[in-house]
Amino acid sequence: MKKNHIGKITNIQKINEQVYSIEFSSPTLEKIVPGEYISILCDGLTLRRPFSVANFENNTVTVLFKMRGKGTQYMSNLKVGDKIEFSAPLGNTFKLENKKTLLIGAGIGVAPLLYLNKELKKLGAETYFAAGFLTKEDILGKFDFVTTDDGTTDNKGSICDFLKLLIAGVNPEKIVCCAPHPVLKLIATEAAKKGIDCEVCMEKVMACGIGVCRGCVIQIEKDGKIQNATVCKDGPVFAGKEVVW
Amino acid sequence: MVDLSVKIKDFKLKNPIITASGTYGYNNEFDAFCDVKKLGAVVTKGITVEPRLGNDGERIFETTAGMINRIGLENVGIQTFLDEKLPVLKKCGIDFILNIAGSTPENYIELAKIAQENNFKAIELNVSCPNVKCGCIEYGVNKQALYELVLMVRKHFDNCLIVKLSPNVTSPEDMATAAQSAGADAVSAINTVRGMGIKLDFINGEFRKTSVAGGLSGKTIKPIALSFVDRISKVIDIPIIAMGGIYTLNDVFEFFSVGAKAVQIGTANFTHPDIAEKLVDDLEKFMIDNNFKTIDELQQKLMEA
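Keeping their order, the protein sequence lines are chains A and D.
The first sequence begins at 1 in my numbering and counts up one residue at a time.
The second sequence begins at 1001 in my numbering and counts up one residue at a time.
Derived from the structure by calculation, the hints contain no laboratory data.
Where is the CB? At the ideal position from N, CA and C, for every residue including glycine.
None of the hints are false.
Below 27 Å or equal to it, Euclidean Cα-Cα: the simulated DSSO-like pairs (lysine-lysine) are: (1) K1199(D) x K66(A); (2) K233(A) x K1090(D); (3) K1209(D) x K185(A); (4) K118(A) x K100(A).
Label-pair restraints from in silico Cβ distances: (5) W245(A) x D1158(D): 45 to 51 Å; (6) K118(A) x E1206(D): 39 to 45 Å; (7) K1155(D) x S25(A): 56 to 62 Å; (8) A1213(D) x L96(A): 41 to 47 Å; (9) S1005(D) x D43(A): 33 to 39 Å; (10) K1113(D) x K118(A): 52 to 58 Å.
Next comes chain D alone, as it looks inside the complex (with noise of 0.2 Å):
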């Protein structure tokens, strides 16, 4: 029998496949593809203090091996995820960590109270979501400002804090460090990659330009979240879960070798609905021929390739 769990804090993962936030809604929705249950974790929506209806135009623009999204954080707000999506998750059998966004200090603070309240076993701060133009992107960018929301957090949730990290800073390594000093159990990285599309038509002597300029995700940026957790992980101790561009168990693999101790999913569930099972049974099907007893023991092996 091989052991596909990890642990990071006191929060054991059955497996280290996660689906990153804003990719697989709330709680059971990709039961249409696949046993949500068997996942190590669902990372839910964001969630704010109240409900919000996200930007207006267009939210969507599909690049090269990729694509960019600008949703603004709609989302359902905490209350309804209590009433309405947690049951389901209980009901399910889910594991999940509660992604909470916020535009004031104040906000991550109720938010962390309430998943402190209800116990949950993980919540991961999204503080580099670059789409809300008068909220996080200044924690995620600001190494001071980042340290004293995870210090301030941490005072209010005692289970596994992730802060999920942004690409768009020029030093990885002072982020991460403010986010370990600060307390955090884990980071997260990397949230989208800052980007824009355009695209233009030359119709009857005119010009027609549609833009839309938010997070880019998918395969295209895989080597710039390898770089990013190349470099953090040679200066926290505290473990990385890792995202970008993940789409195959050898994309795992590599996340593996430079540093992570779990993955999230994210784009590819848009791609393929059925990955993160899959990636789940490669991994586990992987190990059984290869003789891996212990995730540790294959991550170890990664490293020192």
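With the rest of the complex left out, here is chain A (with noise of 0.2 Å):
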């Protein structure tokens, strides 16, 4: 199956002042899996812009994207029917585990996880799903915890400040987490000291998205050795434990 595809926008959405979700249809995509990437050419762009997906069904790909630059100003601007060409599925998938999972996102990194709680819960999983944002505006969604940096809500802090508590409280077999690269690191370290597999979900400015070009490489430890890996291909789904922090 060829990774190239033109997808169709079904649906385009404001969701808050930064944040929009995007809908669209390829009949040539027929499968993605919580984890696999897609990547988005990008009108006038050089390199493609990697997305993860936050849901997927009857080959329509739901994606959340925060306005951050020219890559985003483009898609924003997408309208019903226009058509766009992207590569997908990229990159690797989480592990779909009957486990009790505790999933931890911050801010736009709950999108791939959103997908990943819905297939988990398919599988009969038992997820518990806690989120961070900045404030109560920013909120993607119904989440089983949520704190916001402002005290919006009840919890005021950021998700690290209530890690402790979460694990303590849900007793997971597993964490996954997406978030920016401190919050994972935090998040990885805490597991790996309690004992508890840790899955995080990474990001970085990548070229191919098939690791060829080296250009997103992180160092991970393998069989007591370190070494190099892409967040495109060998990722963007990692042991919190093999992750050279």
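Hey, can you piece these two chains together into the complex? The hints should help.
Here's what the structure looks like:
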């Protein structure tokens, strides 16, 4: 199956000041597993923009994106019926395991976890979804536990401030998180300390999306050896304990 | 029937569309997007004697109509290439050019010998990668050093020897002439242009700066590449494989018109991962539609334009 697709925009909505939800369908895209991502060709830009997938059903991809630069500017101007060119599926997947799972997302990082949560529930896995945002208006969807930095919801602070409480309360067999690098590091370190399985979903500027250009490498430790891994192909999902933080 | 093939020394390519080193992996990675074996050739990622981890820190920076990279020659090393990558090239029937890089003349010789032992049809010398601090930059910008290096490699490799030239020089003519005098069968040009990207954020009264200095590529460097190829084609007789910002068939023709015999597609593979195959198809269609029988004939016409 080729990975180049043409998608037709079926829905685009501004969710809040900075975040959009866009849906597009492509008959040639048969499957996306949670964790796998897509890369969109943006008019006039050299590099495709990678986005995690917030949902996939009936050949239709849902992407949540936050305004960042020229790529997201292009995306925000798309209209229903417009066509886009994209590559998919790219990267690896979360492990879909029937384990009691604590999902932790920060900001737009909740996107891939929304899809993962849905698929884990289909498997019969017990999940608990915690998410942190800057303020009430930023909250993207329904979660089991929400924090806001400015205290416009009950739990004031960053998601990190509640990490120990969450782990103690949920007692998960596994933690899966998607958030900025320092947050991932903190969660992965805490999970390792407690001996809980942890998967992190990482982000980096990418060029090729298929592991050839080596532009997005991080270091991981495998078989006692430090080595490079590409976020675009070997990732974006890594075991928290293998990443050299 | 049109004949798209081109010959560089004894190396016959089925068409003049080649993918550039560092943008296409080692073998069939782009089969996810197109039919790699249809291409004239794939130039492998730059290979060194030992595996390399490359540079720390940010490695890519997008610029207006281009990008800067400072990968630092991360690669699996020649042994892993032979053990793991070469069998895939052979199995898939992909024609390839081995790109080699080194930090000492001995490195290049060792790699050239291995290429010879394996009877590889062509190698491309990376003498111009501007990324490796203590490495190959000296060869690419110093005509005497370049001459001596090519001469040495030539002694150990009988098949098609291509020298990839750096644009970061005062006199392209001197470098191209040095490569030709030392026995190169072809030159490829241009490698990336030295550049720097800076991103500034002003947060809470403080500037935060991210900068990436490395090799600039993409559409933005096409005028530099055209000028470079135009200049060297006036002073050397060996074939020129041109690259730098090629995205369309018209871009290919522009390079043919200044004397290129074949072209390489680099950064465009990131923007459009199926572009190389499309260019082969477009070229064939153009030749059929316009009654060109051979690439030579087409190039001749473009040179006269």
